[in-house]
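Construct all of the structure, not just a fragment, from the sequences and the given hints.
Protein sequences appear in the order of chains X and S.
Take the first sequence: its position 16, counting from 1, is numbered 16 in this note's numbering, and each next residue is one higher.
Take the second sequence: its position 303, counting from 1, is numbered 303 in this note's numbering, and each next residue is one higher.
Rather than coming from a laboratory, the hints here were simulated on the basis of the structure.
Don't take each hint at face value.
As the list claims (entries may be wrong) - Below, computed lysine-lysine pairings styled on DSSO-like, alpha-carbon distance capped at 27 Å:
| hint | chain 1 | residue 1 | chain 2 | residue 2 |
| --- | --- | --- | --- | --- |
| 1 | X | K224 | X | K32 |
| 2 | X | K224 | X | K287 |
| 3 | X | K131 | S | K13 |
| 4 | S | K360 | X | K19 |
Note that the structure is predicted; figures quoted are calculated from it, not measured.
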Amino acid sequence: MHLQMIEIKNISKSYSEIKALDNIALHIEEGKLFGLIGPDGAGKTTLFRILTTLLIPDRGTATLMNLDTVTDYKKIRRQIGYMPGRFSLYSDLSVQENLEFFAQVFNTTIESNFEMIRDIYVLLEPFKKRKARDLSGGMKQKLALCCALIHKPKILFLDEPTFGVDPVSRKEFWDNLKKLQKTDNITTVVSTPYMDEAALCDEVALIQKGKILAVDTPGNISKKFSHKLFEVKTNNNYKTLLFLRKMDRIHSAFMFGNSIHLTLNNANEVTGLTTELTANNFEFSIKNIEPNIEDTFMELMQKE
Amino acid sequence: MRTFLAFIKKEFKHIFRDKRTLLILFGMPIIQVLLFGFAITTEIKDGKMAILDLAKNRMSQQYISKITSSGYFILKENLKNYSEIEKSFKRGSIKIALVIPEKFAENLGNTNSSVVQVIADASDPNMATMLTSYLSGITNSFAIEKRLVPEVPIKIESKMLYNPENKSVFMFVPGVMTIILMLVSAMMTSITVAREKEIGTMEILLVSPLKPAIIIIGKVLPYLVLSLINAFTILMLGFLVFGMPMEGSRILLFLEILLFIVTSLSLGILISTIAQSQQTAMMMSLMGLMLPTILLSGFIFPIESMPRILQILSNVIPAKWFIIIIKSIMLKGVGIRVVWKETLILAGTSLLFILMTIKKFKIRME
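Right under this line is the structure:
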């Protein structure tokens, strides 16, 4: 039986006319790595700010460790770590100074919580005298994570932590998160626009225009896909896509990296499709594939 | 307490690592005082002058040497005829011209008067007025000296109290100090808070267990110290370079300066609770504080000669009261019994700003 760390009940939040969050409900168990997946402007940051007690929701309540985000904000602030969307560091302070400052702000020292950040810090150590503004994106991100972890938080909120970071650093970062989860049993809520990162979470919520489209394990989310999925590879993707979208038998067709993912109104019509494409002088290959989270997300978004 | 010290330390690092901040903090006060003290002055010294002496007699020679030896005028050109006057003005080589008529002071016996003509370049009206009045002053005393006119029954014996030599630097040192303190305290603090909002560290600070009071005091204290250093530098320059007098109590002066710094700081913090970016904070402080301070504090333009509405408006400018206070203390040597009203106004304003800040400071974001 897992403890409920975060309980979000029917939260709504609007900025003047724009509805940023619309009746959101979620619960996140202790020790989980929870992913909030959605495009820019979906409401991820707003939800983070409500959970980190920085914003008051218009309607609904949220509790962290049974503490209310509005009334018990002081107690909550001591037990959470937050890494805002931009790596919020003091660019004119060195790596060491940034870390020291945030440790002191939380009334602790680097030494007393060093165990927690050791793995990440060893990578930063050679640059500890360097000013934060002179660090690479990946280094900045690691430093920001260290700063958010320095006071041993019970819950870690990471708002788009891999934004603008190179693929190698991204992978390292996720390895670190996994490790933290295992060794320190930290509950982590992480938001990302990257679907490939969603698969690394224990549980994900797909969010779009302030509404939650689905909450489940990444595997189960992929299974929610309701059609048979085909991957088409051609020498001219764009032209093919335009052609495909005009066809009646096509249910949906999207560009997916260097191929096209498509579903048919009737999966048996695949032979009809191939004949038609060949008749129109397209060079292509087509095969049946397993849907991933992104496919599901695209489908769910279309239904909305 | 340890947290607080860490915060202060961080704040000082920000200040000392930013060249632009340092320049504003320490370069500007010195440059401003020297600029105002030496370059921008309302005193008359070496007014450029041309004389067309048509008399060329002993009396006119004595008259001219009386003028040139006063120190207020410097004889640039000896003209030969009327047409040269305008040429000289147009060249800009002179500010004032004097025409001494033929037979100057010779026919006094008959007509009992002699007319000299003074022509001034009024494209700079203040200068023109002052030069003419200085020149007529010299002419009058020359006339009396030479017994050309009988002793006037009523004589004005004027004495310039507190600033006998009419030195404008006595006005500029308090004025510059006021502006610098306002700039350092109000503008710099509002910018530094806005900067934290801009780079997003404010979000982390808010989420941390730091109390808002610690954040505010931590932001304010370094600038309080630096402002005091600035005030000290400006006063020292005033004393050593310009010979400012210091008639009143030093402790009172120090306390009044401290009070004004607190007023400015509270204003800066108030601005920062409203401004979301450094740019807004800077515009608000510059347009909302600096301009009214310079224009309405009585530093450059005398309040008494302003339109009624501006006179009333000048009462809400804290700088106006501060200038009155320091001039009273430094030049007149008065004590708190004379400036208690102005002091109370400053203290009240600070309190009002602080209360407004506490009310407006957000423990959350909007």
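How the hints compare with the structure:
{"no.": "1", "hint": "K224(X) with K32(X)", "result": "22 Å, holds"}
{"no.": "2", "hint": "K224(X) with K287(X)", "result": "20 Å, holds"}
{"no.": "3", "hint": "K131(X) with K13(S)", "result": "12 Å, holds"}
{"no.": "4", "hint": "K360(S) with K19(X)", "result": "25 Å, holds"}
Against the hints set out earlier in the document, no violation occurs for any number.
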